Amino acid sequence: SILSYAWMVSHLALIRSETSWWMFVVTFIVLDFQGYWVHRWAHEINFFWNKHLIHHSSEEFNLPCALRQSISSFINLFTFFLLPAALLGIPTIVVATIAPLHLFAQFWYHTRHIHRMGFLEKIIVTPSHHRVHHAINPEYMDKNYSQIFIIWDKLFGTFQEELPEVPPVYGITRPAATWNPIKINFQHFWLMLKDAFYARDWKDKFRIWWKPTGWRPADVAARFPVKKIEDVYHFHKYAPYSSVALKSWAVIHLILFMILSAHFFGFIAEIGSPAIFLYGLFLFVSIYSMSELADRNPNVLFYDLARVGCGLAILWFQQDWFGLNALLPNGSIWMACYLLLSFIMTLYFRYFEPGEPASSNAHAPGIRV
-4 SILSYAWMVS
6 HLALIRSETS
16 WWMFVVTFIV
26 LDFQGYWVHR
36 WAHEINFFWN
46 KHLIHHSSEE
56 FNLPCALRQS
66 ISSFINLFTF
76 FLLPAALLGI
86 PTIVVATIAP
96 LHLFAQFWYH
106 TRHIHRMGFL
116 EKIIVTPSHH
126 RVHHAINPEY
136 MDKNYSQIFI
146 IWDKLFGTFQ
156 EELPEVPPVY
166 GITRPAATWN
176 PIKINFQHFW
186 LMLKDAFYAR
196 DWKDKFRIWW
206 KPTGWRPADV
216 AARFPVKKIE
226 DVYHFHKYAP
236 YSSVALKSWA
246 VIHLILFMIL
256 SAHFFGFIAE
266 IGSPAIFLYG
276 LFLFVSIYSM
286 SELADRNPNV
296 LFYDLARVGC
306 GLAILWFQQD
316 WFGLNALLPN
326 GSIWMACYLL
336 LSFIMTLYFR
346 YFEPGEPASS
356 NAHAPGIRV
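Quick note: the sequence shown, position 82, residue 77 per this note's numbering, numbers continuous.
I should point out that these hints are in silico values taken from the structure, not numbers from a laboratory.
These numbers were taken from a predicted model, which means no experiment stands behind them.
Be aware that one or more of the hints could be misleading.
[Said to hold, decoys possible] Below, in silico cross-link-like pairs of lysine-lysine (DSBU-like), each with a Cα-Cα straight-line distance of 35 Å or less:
| hint | residue 1 | residue 2 |
| --- | --- | --- |
| 1 | K232 | K149 |
| 2 | K232 | K222 |
| 3 | K242 | K232 |
| 4 | K198 | K46 |
[Claimed, not checked] Quick list of the computed label-pair ranges, beta carbon to beta carbon:
| hint | residue 1 | residue 2 | range |
| --- | --- | --- | --- |
| 5 | F252 | A321 | 20 to 28 Å |
| 6 | P162 | I119 | 18 to 26 Å |
| 7 | G318 | P162 | 19 to 27 Å |
| 8 | F252 | M136 | 33 to 41 Å |
| 9 | L335 | A213 | 33 to 41 Å |
Every residue gets a Cβ at the ideal spot worked out from N, C-alpha and C, and that includes glycine.
Can you build the whole structure from these sequences, using the hints too?
In structure tokens:
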């Protein structure tokens, strides 16, 4: 956080209280109130939408959607919403305890398999409420920002019930058109940056960042139009060609990548700095290359050469893979084999099963409104 809660409670608290049960209840409510407004602003303000867009970019609605989070999520600009808790002197440990519980409680309702939940529909955010929030139907746009208690939407006029005659269509109205999470993280920001550069009016160069989400300078929009879904019921979901072989390899490669990620996080202290940044760079390039293969990008070999080159260079200079030899006999040899095998697979899918990039009626960077 730019302004930490610990600083606020130590400098601004009106009372000093011992930790008690009521503090946990108050903190949960304060966090939920904060969450409503942070969430709403993430949808309504151009700059903040860039951070939230990746969560909405999925054209499906399921539990993994809850895990689609921005690279910049580690930065919190809205700690000041916790001011009421700080004034009440609620200890930092209480906030640190409740915050992850509040976050985890938002995971379960990302599903289409739970329908109406009776009287709970009037109290908490249910899957039905959140399906509305993720939908791009005109009837559902910019509704249901609440995170746990649905009362905030009802108080501030943003509540919308799921309608039986309007099945939700999910995604963003300018589809990401890629499986690459790194691209999705920066698409909207890149569009705003270009719009600010090309805008002729200097006022537009500055206000574009704080205008409503989707706003573009009129002169830029006229010169550089971007496509947008006009009919949510007649657009093609992003689906580049994927054979059974490619899907099978994607699963195997994902498992291998998760093992590497577990090694990275499990031994991050032993790896130490600056080696962790080198390891992180390899993982970053790997994600980029793997998702470009899934996108059937004809330039995927360039990205995979960067991945393999980075990995082999690390092995050459370290004569090890960040301590892997101590955990696995001949670990560095196994790592080299993985790098070479994965590159051969990329060669195969590029030249012997090339496929075609997915066609879409909206390839431009994602803006939901």
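Now the hints, each set against the structure:
The straight-line distance between the Cα atoms of K232 and K149 is roughly 32 Å, inside the 35 Å bound, and the hint therefore holds. As the CA atoms of K232 and K222 are separated by approximately 15 Å, the hinted pair is consistent with the 35 Å bound. A C-alpha spacing of about 18 Å is found between K242 and K232, which places the hinted pair at or below 35 Å, so the restraint holds. A hinted pair counts as satisfied when its Cα atoms are at most 35 Å apart, and K198 with K46 qualifies at roughly 23 Å.
Between F252 and A321 the CB atoms are about 21 Å apart, so this pair conforms to the stated range of 20 to 28 Å. A hinted range of 18 to 26 Å holds for the C-beta pair P162 and I119, which are about 23 Å apart. Evaluation of the 19 to 27 Å hint for G318 and P162 yields a failure: the beta carbon distance comes to about 52 Å. Our hint of 33 to 41 Å for F252 and M136 holds, since their Cβ atoms are close to 36 Å apart.
For L335 paired with A213, a C-beta distance near 53 Å fails the hint of 33 to 41 Å.
Going down the numbered hints, you'll see the structure goes against 7 and 9, while the others check out.
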